[in-house]
Amino acid sequence: MALRVPRSASIAVGKAARTLTRLRGGSGSAFPGLVVERIDPSFLARTLAQLPKGVVVVSGTNGKTTTTKMVVELLRGQGLKVLTNRSGSNFTRGVVASLLGEISLTGRLEADIAVLELDEAHAVHFVRAVRPRHSLLLNVMRDQLDRFGEIDTTAGMLRSIAQTTTEGVVLNREDSRVAGIAESLSGQQVRYFGLVPELRRHFPSDDELHSAITPDAGSAGGETPPRSGPAQPTTTPEGDGVPDGEEPVEPPGTGIISADSAGLPEADVLLTGLGTQRGSFRIGEQEVTTDLKVNGAYNTYNAAAALALVRMVLGEELDHQALLRTLAQVSPAFGRGESLTVAGAPVDLVLVKNPAGFRLGLSSFSADGVATMIAINDNYADGRDMSWLWDVSFDSLAAEGVAMVSGVRAYDMALRLSYDQVSIQAVEPDLKTALEAFLAAQPGQPKRIFCTYTAMLALRKHLAAYTDVEAFA
Amino acid sequence: MSSRSTQQIHVVQLYPRDMNIYGDYGNALVLQRRIAWYGYEPVMHSYDPGDEFPAHADILIGGGGQDSGQDRIQQDLLSIGERLHSLAEAGTPMLMICGLYQLFGHYFETRQGRRIQGIGLLDVTTYGTDTRLIGNVVAESDQFGQIIGYENHSGQTYLGDDAQPLARVVTGEGNNEQDPHEGARHRNVLGSYLHGSLLPKNPAVADFLIAAAVQQKFGDSLGDLQAPDTAPVSLTELTEKARRSAASRPR
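Residue numbers (this note's numbering), protein chains in the order written: chain A, 89 to 561; chain B, 9 to 259.
To be clear, the hints were calculated from the coordinates, so they are not data collected in a lab. Cβ atoms here follow ideal geometry from the backbone N, Cα and C, with glycine treated the same way. Treat the hints with caution; some may be incorrect.
Which bits of chain B does chain A cover? Going by a derived footprint, with three or more residues having C-beta under 8 Å, they are [unchecked claim]:
hint	region
1	32-40
2	73-79
3	198-205
4	237-244
Computed, partial: chain B to chain A, Cβ under 7 Å [said to hold, decoys possible]:
hint	residue
5	Tyr158
6	Pro208
7	Lys249
8	Ala250
9	Ser253
Work out the full structure: start from the sequences and follow the hints.
Given below as structure tokens:
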């Protein structure tokens with residue numbers, strides 16, 4: 089028999105835990121949530137049930153954090169009070185922790201809607217407790233297979249999120265595993281976001297990964313030229329690693345990218361063009377080209393996803409002009425193309441956590457004139473398996489080389505680069521030592537650090553000694 | 009050395025489209041580079057279902073895939089089974105990881121009792137389970153020394169009388185939860201559960217495959233590896249350090 093704890097008691101306990109964690113210098117994210125989850129497991133469902141516009145869940149392998157941030161800002165631009173788990177602590181506990189900050193001791197939640205970013209596996213757990221009114225499912229890519237086992241398993245998790253959703257689901261039309269979820273739904277409204285065919289080559293899927301990275305198969309090896317040219321001298325996403333004419337071969341039933349739009353459902357929001365910090369969209373019937381603060385092909389496509397979701401949530405209430413004004417102002421999320429300034433030179437932090445994300449990170453930002461550091465950890469949150477590094481081509485770094493390789497698995501990364509014949513100036517597993525040497529060696533030069541999740545947390549902490557780093561909390 | 013540069017070694021990747029989702033491409037890349045660094049000319053081939061089988065096949069490699077990928081290639085694999093048997097009996101070196109290791113055995117029996125027929129080139133059988141064996145693996149082999157990799161499989165494999173284990177597991181599970189075996193060997197055909205990719209951190213295995221191929225094709229023994237200097241320390245030292253850090257990590 090579970091002990092029934094009065095709601096105000098669990099809120100007070102949680103708030104106290106949150107304050108204590110903050111005082112100790114922690115991020116204040118997961119621990120207080122854990123405390124409340126243990127003593128009052130139905131806290132989440134009861135509290136979220138008050139929201140007039142319900143709960144929105146955003147899930148998928150890549151782009152959750154940026155997309156969630158966009159959805160939140162777009163909704164706020166419509167005048168809504170939005171609750172979110174913006175710390176990137178996308179586990180149920182993180183959601184509870186976020187709620188605690190927004191709730192009065194009597195249990196009143198001052199918000200219209202909750203937009204929650206959830207890891208696929210945790211989303212399944214979450215939707216059992218709280219049925220979302222709307223959900224947005226982005227993609228299924230190879231990530232953390234050491235946790236989930238197989239891509240098809242991950243797709244199954246997204247399917248159960250969609251099936252639990254009460255009103256409407258937004259799906260990525262270009263990801264056949266995600267688009268296919270529609271077939272298992274009845275009753276829910278289904279809408280899609282998509283790409284025009286010309287842009288599909290910017291988004292290589294894991295399924296056609298191999299055909300994209302071995303154009304030299306069958307030719308003489310040895311001193312083969314790089315598999316793709318060095319990145320183009322612009323910051324447009326044109327310099328990606330997929331050469332023209334390398335149209336992916338689609339294995340039956342699993343190809344993410346289809347060759348044409350024939351047979352694909354109509355997309356409510358379509359990404360029609362990419363430029364440097366610009367994007368063109370077809371939103372409903374309307375063609376729109378707008379400046380963007382987010383950069384790179386993948387962030388721009390995430391904007392299409394966010395637009396489709398907001399259109400579904402608000403329906404007739406939507407203020408289209410306000411939507412476009414906010415869209416132009418949305419900034420990238422923590423670590424997703426975040427730029428800091430150290431001693432007058434820009435330092436970009438790019439989070440990489442799976443092959444598709446690393447490939448997109450390399451192709452979205454030119455390496456020209458930039459000093460590159462790569463930091464790879466293998467803690468639980470990063471994924472323990474290093475195999476994924478071998479599914480990324482590093483040829484785009486060959487021209488400039490890599491200035492520093494760091495992290496717990498620095499030598500795995502160094503080995504990976506060596507087999508792509510990319511030169512390395514230094515290898516230093518210790519992140520702090522490596523960062524100091526990297527910053528000192530190339531003063532004034534723009535820098536970019538590709539890092540896994542826990543490496544990024546550590547690097548941001550050390551970077552705070554040099555510059556203002558927005559608190560990660 | 010100069011005469012060798014026109015000597016070609018053909019590497020055939022089996023089913024890279026469907027059986028390549030866990031980074032096993034690294035094995036192909038390592039062979040391609042090391043063959044060149046030993047002074048030969050690597051020629052890389054991909055073989056997918058329905059393709060014409062390459063006329064030259066000096067080394068064959070294959071990787072892991074999802075259950076759905078395994079289903080898609082199985083019929084085609086059976087159709088080239090005889091050819092693979094004769095290549096193996098002629099001493100052609102092969103390395104099959106995870107999913108293709110399983111299908112190089114007699115069969116894979118699913119939890120529901122359905123048997124997916126393999127080509128029986130290795131005397132092993134595999135049974136689907138509800139337990140997924142996931143994590144870092146360290147194993148010991150008499151021939152290759154310490155073998156380091158990462159396993160991620162729910163099928164568990166048992167050796168028959170005619171298969172030798174590739175290695176004995178020190179950390180992790182390997183073939184199954186019952187015995188300490190990891191992988192299997194028949195002539196120059198190696199099967200293993202280890203991703204990582206396997207060959208980058210286990211160059212002894214890569215060099216075994218290359219040495220067997222050049223011995224068989226040209227009667228040569230391997231010379232010195234001429235890897236370019238692209239890092240502050242040699243490739244050998246980088247490899248050794250990567251092995252040491254991998255072996256020290258939690259499961």
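So which of those numbered hints doesn't the model satisfy?
-> The structure breaks none of the hints.
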